[in-house]
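Can you build the whole structure from these sequences, using the hints too?
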Amino acid sequence: MFSGFPLFPEQASSLAPGVDGLYFFLLAITAFFSVGIAAALALFAMRYRRRHADERPGEIEGSLALELTWTLIPFAICMVVFVWGAVVFFAQNRPPDDSIDINVVGKRWMWKLQHMTGQREINELHVPVGRPVKLNLTSEDVIHSFFVPAFRMKKDAVPGRYSVAWFRATKPGKYHLFCAEYCGTEHSRMIGQIVVMEPAEYQTWLQGGPAPVSPVAAGEKFFTELNCVTCHRGDSGTRGPILDGVAGRRVRLQGGQVVIADESYLRESIVNPSAKIVEGYQPIMPTYQGQVTEDTLLQLIAYIQSLKGPQAIAAGSPAGGQR
Amino acid sequence: MSNASALQHHFESLEQQKESSTLGMWVFIAQEVLFFGGLFATYTVYRVKYPEVFAAASHHLNVTLGAANTAVLISSSLTMALAVHAAALGRRKQIVAWLLLTVLLGAAFLGVKVVEYQDKFEHHLVPGPSFSGHVLHLEGEEEKQAQIYYSLYFAMTGLHALHMIIGFPILLGLAVFAWKGRYGPEWSTPVELTGLYWHFVDIVWIFLFPFLYLIH
Amino acid sequence: MSAAAAPLVPAPEFPKRHYLNADYGIWSWLFTRDHKRIALLYLASVTVMFFLGGAYAVLIRLELVTPPGDLVSSETYNKLFTAHGVIMVFFFLIPAIPAVLGNFLIPLMLGAKDLAFPRINLLSWYLYMIGAFFALFALVHGGLDTGWTFYTPYSTVFSNSAVIPAALGIFVAGFSSILTGLNFIVTIHKMRAPGLTWFRLPLFVWAHYATSLIQILGTPVVAVTILLVAFERVFHFGFFDPNRGGDPVLFQHLFWFYSHPAVYIMILPAMGVMSELVTCFSRKRIFGYPFIAMSSLAIAVLGFLVWAHHMFVAGISVYSAMIFSALSFLVAIPSAIKVFNWTATLYRGSISYQTPMLYAFGFIGLFTIGGLTGLFLAALGLDIHVTDTYFVVAHFHYIMVGSTVMAYLGGLHFWWPKITGRLYPEWWARVSAFVIFIGFNLTFFPQFILGYLGMPRRYHYYPEEFQVLNVMSSAGASILGVGYLIPMVYFAWSMRYGKIAPANPWPATGLEWRTSSPPPPDNFRETPVVDEEAYDYTVPPKEPFLV
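Chains as they are written, first to last, in the numbering used here: chain A, 1 to 323; chain B, 1 to 216; chain C, 1 to 547.
Be aware that a few hints might be false.
Unchecked claim - Simulated pairs of lysine to any residue, SDA-like, Cα-Cα distance not exceeding 25 Å:
hint: 1; chain 1: B; residue 1: 49; chain 2: C; residue 2: 322
hint: 2; chain 1: B; residue 1: 49; chain 2: C; residue 2: 157
hint: 3; chain 1: A; residue 1: 134; chain 2: C; residue 2: 318
hint: 4; chain 1: B; residue 1: 113; chain 2: C; residue 2: 235
hint: 5; chain 1: C; residue 1: 499; chain 2: A; residue 2: 52
hint: 6; chain 1: A; residue 1: 171; chain 2: A; residue 2: 161
hint: 7; chain 1: B; residue 1: 49; chain 2: C; residue 2: 63
hint: 8; chain 1: A; residue 1: 174; chain 2: A; residue 2: 161
hint: 9; chain 1: B; residue 1: 49; chain 2: A; residue 2: 282
hint: 10; chain 1: B; residue 1: 49; chain 2: A; residue 2: 281
hint: 11; chain 1: C; residue 1: 190; chain 2: B; residue 2: 200
hint: 12; chain 1: A; residue 1: 276; chain 2: A; residue 2: 222
hint: 13; chain 1: A; residue 1: 174; chain 2: C; residue 2: 119
hint: 14; chain 1: A; residue 1: 112; chain 2: A; residue 2: 291
hint: 15; chain 1: B; residue 1: 49; chain 2: C; residue 2: 250
hint: 16; chain 1: A; residue 1: 112; chain 2: C; residue 2: 158
hint: 17; chain 1: A; residue 1: 276; chain 2: B; residue 2: 135
hint: 18; chain 1: C; residue 1: 190; chain 2: B; residue 2: 184
hint: 19; chain 1: B; residue 1: 18; chain 2: C; residue 2: 119
hint: 20; chain 1: C; residue 1: 190; chain 2: B; residue 2: 30
hint: 21; chain 1: A; residue 1: 276; chain 2: B; residue 2: 212
hint: 22; chain 1: A; residue 1: 107; chain 2: C; residue 2: 190
hint: 23; chain 1: B; residue 1: 49; chain 2: C; residue 2: 457
hint: 24; chain 1: C; residue 1: 190; chain 2: B; residue 2: 135
hint: 25; chain 1: A; residue 1: 112; chain 2: C; residue 2: 457
hint: 26; chain 1: C; residue 1: 190; chain 2: B; residue 2: 212
hint: 27; chain 1: A; residue 1: 107; chain 2: C; residue 2: 76
hint: 28; chain 1: B; residue 1: 49; chain 2: A; residue 2: 291
hint: 29; chain 1: B; residue 1: 180; chain 2: C; residue 2: 157
hint: 30; chain 1: B; residue 1: 49; chain 2: A; residue 2: 287
hint: 31; chain 1: B; residue 1: 49; chain 2: A; residue 2: 52
If you are wondering where the hints come from, they were derived from the structure by calculation, not from laboratory data.
What follows is the structure in structure tokens.
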């Protein structure tokens, strides 16, 4: 492979070899059948070419055995590829527990990223090699898609909801970041790079620059400023559920439904509080839609997730309701 | 009866022509089902997503008017069926009478619809910048969800009404041809097929009414 | 005429009266109800649209020769690829084979005088023209920059371009497509000649039957979806905009519920053409007739169950993604069955290399690659990487251009003598078939590699390491463009100067070859009676019915 004219993308994440393995398998299948069909066509075309104008070849109706063969073999191959693809897909959709969280907000036409330690970046993301990195994606306007070819990773950032993607970089270096979902005029400029660094280098990078405010700290500030504290702290009586340790747990709702208090649920509970009422509480909370930006929402959620309570106070939560 | 002229040149027989037209109308209705199906699918998705708001928003609809309108529309189906029956027997004046009555009932339905729309307009329930959840006691995010309900309400009932409006000139045209004596025992397919269309439009309403007005 | 049917009449003569000279003047065309004339109206319109869409493609490929977006602005570039997609999908690919070849041939193949509803057929063409007018209006008045997919909320809230006229155009053209499908279904059910049972039908007719089912059941859904987009954009109704409580992903579900089956509207008729070409030029009954017929229906049915495979990265749940992935693999099977059966048809045949057969060979090869690369996209884990990249672009061009356009051109050559009564120049036709095949592969094969490297779709500006492959692609596109222009020239030439064609020049089976070339206004002097199976090439060609 030479640099000016690559034919194959760099492999720089733990997921890439799995994706590439499937790719090469399918390439082999494609080559086998394309060449096979082309060879058969060429062979028949030459061997049985028309030799005189009123030639009348005999009739061949068909063959059930052959039909079954070329139905069942492709079917079997397809099912193998399906299962293989699903296995890879599961890995892509299961972020490890020990991952570094990054909040990502897409906006025409830039990527805004924030580390849990507070550093903000635009169109550039610094991550350490070898550590899993989990992205919480959303968008402020239209649908974008976070695509890092070297990591074989892509996920849409959809306004009004969160999506999750993850990767573990395996090789230090700089890699393309593209927006893969068409988002308007400067779509092709909504690009950036992922800078994968050695862990020590990464620590130095984290410490450089002005002391940042971590999303948790920022979230705590907003939690007070927006008066969340008046209902959701231990000394506030029973107006709202206490949020210590609620994140990631199962919560029983009015009507008996049980949901996991993940990012999407927490977000919904802030912007649309009456959608899912926790059992035993009244729908009295006003909506914060419009009062908080996507950034602030992510910070509030980071703060709520940082509240590690020993006991779950959210009603009806069964013991050990961890994911 | 001028049946010979009813046969178009590319058909072998009136029977073939009739069968073809009937199948054509059924296929047309199949595509209509899918057309409204897209709307009902959208409705279902949001109903499941926002059940409380949809229930609250639907309370503002006037069930009495809706029920009355349902009765009117079912009656128009009946008069349409009677027109088809009269056409099959070749009773010229009866066909015209039943067709005109059908148009009249359809117009009554639309009249009531206008009254209902006007009410929504006055209460700022028409989706858009002036939409307000005030009368529903909804605000913020819920107001927006109520707007989705009313967006669907207007889209669905509006497209249904449009189907009725398209039906009127067809019914009136049939009445003119019936007056001229075009339809009789051997050839009454146009009346029959318009009947199919009209019944289909009624059935759409039979689904719209409970979905929009009754389910709380 | 002698009773022992000789394969060719020595010196074919132009019939005295045929559909082209039955009537004269512009009105005799604009108000015609003859399916053959309406087919020619469509032929003229889709050809114009094809070259217009092609002109946009030329500009796109020119822009992509260099990495920085230096030829046109980003805004213009976005309008170019949108225009290319909208024109090619809605105004060329969807109507091309059904409305031109299907319209012309289905009544002939069935032994009928016309389609069941000639006036509705004409209405379809007018709706198509009105739709095209609105779409073109949108393109000149502000352009359209949403991509042909109209994803929300971009299309309903953010785009500053002419979304409404374009949406209206697609909406109207959609009804043209629905009415064509309706006409075909009724005609195939009710107007077959005596003796022409379902399993004696040409596979071209089966393919169009399956296509029509999709047109009837899919198109209304996208019509209503586009209507909702228009309501949201114009009246600020809330359906898909998250700021109005809507769900933008719901739009994608509704859109792809039609637009994935729409792919089969484009490819199924092409498969029908293929079955006719392969049998005629290998002079053999098709291998596995019932399997090819039923696989068309299987594609039509399964095609409705796979739409969400366009949305694997859009945030649908892992389990629904798995279901849609599995179903997507299933739809590959009937396509594979067809390819194997066509290939097997050649076995022990009598194969001639006339132009339509060259296109058929090209089709089989390109469709095989296009189909197999579809598996890459159906495989969940792999789709994550290649979706929304040039891999997808390459894949669907192999299907839509490499397969559908190849079959369309093959079919046009095959039936050209029937349509015009004249033969096209064989040498030129073979040359252009080769040029198109080579140009096509050079254009689109590099895009597979670009896609896997990670070049996203709809990029006006791209990193430098992608340039070599992009230049190759653009070079191929110029060859392809020349390849498409050659047939334009010789087809036009042949209409006046081509050799006069006999009723059955190839010779082929099928009722359309048993009437004069060109056929009389009512197709057959008397209603044909069918007493043989389809594609019976064991006997010498039958005499034409008296004309």
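So, going through the hints one by one against the coordinates:
1. Distance restraint check for residue 49/B and residue 322/C: the Cα-Cα separation of roughly 23 Å lies within the 25 Å cut-off, and the hinted pair is therefore satisfied.
2. In summary, the hint linking residue 49/B to residue 157/C is supported, as the alpha carbons are separated by about 22 Å, within the 25 Å threshold.
3. Proximity of residue 134/A to residue 318/C is assessed by CA-CA distance (about 17 Å); at most 25 Å being required, the pair is judged to hold.
4. This hinted pair checks out: residue 113/B and residue 235/C have alpha carbons roughly 20 Å apart, not beyond 25 Å.
5. At roughly 22 Å between alpha-carbon atoms, residue 499/C and residue 52/A fall within 25 Å of each other, so this suggested pair holds.
6. The hinted pair formed by residue 171/A and residue 161/A fails the criterion: a straight-line CA distance of about 31 Å is larger than 25 Å.
7. Between residue 49/B and residue 63/C, the direct Cα distance comes to roughly 45 Å. Violation of the 25 Å bound is thereby established for this hinted pair.
8. Between residue 174/A and residue 161/A the CA atoms are separated by roughly 29 Å; this puts the pair beyond 25 Å, and the hint is violated.
9. Of the supplied pair hints, the one linking residue 49/B and residue 282/A holds, its CA atoms being roughly 20 Å apart against a limit of 25 Å.
10. With a C-alpha separation of about 21 Å, the suggested pairing of residue 49/B with residue 281/A holds against the 25 Å cut-off.
11. Our distance criterion of 25 Å between C-alpha atoms is met by residue 190/C and residue 200/B, whose separation comes to about 23 Å.
12. Note on residue 276/A and residue 222/A: the hinted pairing holds, with a Cα-Cα distance of about 22 Å set against a maximum of 25 Å.
13. With a C-alpha separation of about 64 Å, the suggested pairing of residue 174/A with residue 119/C is violated against the 25 Å cut-off.
14. Between residue 112/A and residue 291/A, the direct Cα distance comes to roughly 19 Å. Compliance with the 25 Å bound is thereby established for this hinted pair.
15. About 12 Å separates the Cα atoms of residue 49/B and residue 250/C, which keeps this hinted pair within 25 Å; it holds.
16. About 20 Å separates the Cα atoms of residue 112/A and residue 158/C, which keeps this hinted pair within 25 Å; it holds.
17. A C-alpha spacing of about 23 Å is found between residue 276/A and residue 135/B, which places the hinted pair at or below 25 Å, so the restraint holds.
18. Taken as a hint, the residue 190/C and residue 184/B pair is honoured in the structure, with Cα atoms around 23 Å apart against an allowance of 25 Å.
19. For the suggested pair residue 18/B and residue 119/C, the alpha carbons sit about 16 Å apart, so the restraint of at most 25 Å is met.
20. Straight-line distance between C-alpha atoms of residue 190/C and residue 30/B comes to about 18 Å, which keeps the hinted pair within the 25 Å bound.
21. Under the criterion of a C-alpha separation no larger than 25 Å, the hint pairing residue 276/A with residue 212/B is consistent with the structure, at around 23 Å.
22. Proposed proximity of residue 107/A and residue 190/C is contradicted: the alpha carbons are some 56 Å apart, above 25 Å.
23. Distance hint between residue 49/B and residue 457/C is unfulfilled; the C-alpha atoms sit about 33 Å from each other, more than 25 Å.
24. Using a Cα cut-off of 25 Å, the hinted pair residue 190/C and residue 135/B is violated, with the two alpha carbons roughly 56 Å apart.
25. At most 25 Å may separate the alpha-carbon atoms for a hinted pair to count; residue 112/A and residue 457/C meet this at roughly 22 Å.
26. For the proposed pair residue 190/C and residue 212/B, the alpha carbon gap of about 40 Å is over 25 Å, so the pair is violated.
27. Our distance criterion of 25 Å between C-alpha atoms is met by residue 107/A and residue 76/C, whose separation comes to about 21 Å.
28. Restraint check for residue 49/B and residue 291/A: satisfied, since their Cα atoms lie roughly 23 Å apart, inside the 25 Å limit.
29. Taking the CA atoms of residue 180/B and residue 157/C, the gap is near 53 Å; set against the 25 Å cutoff, the hint is violated.
30. A hinted pair counts as satisfied when its Cα atoms are at most 25 Å apart, and residue 49/B with residue 287/A qualifies at roughly 17 Å.
31. Simply put, residue 49/B and residue 52/A have alpha-carbon atoms about 70 Å apart, too far for the 25 Å limit, and the pair is violated.
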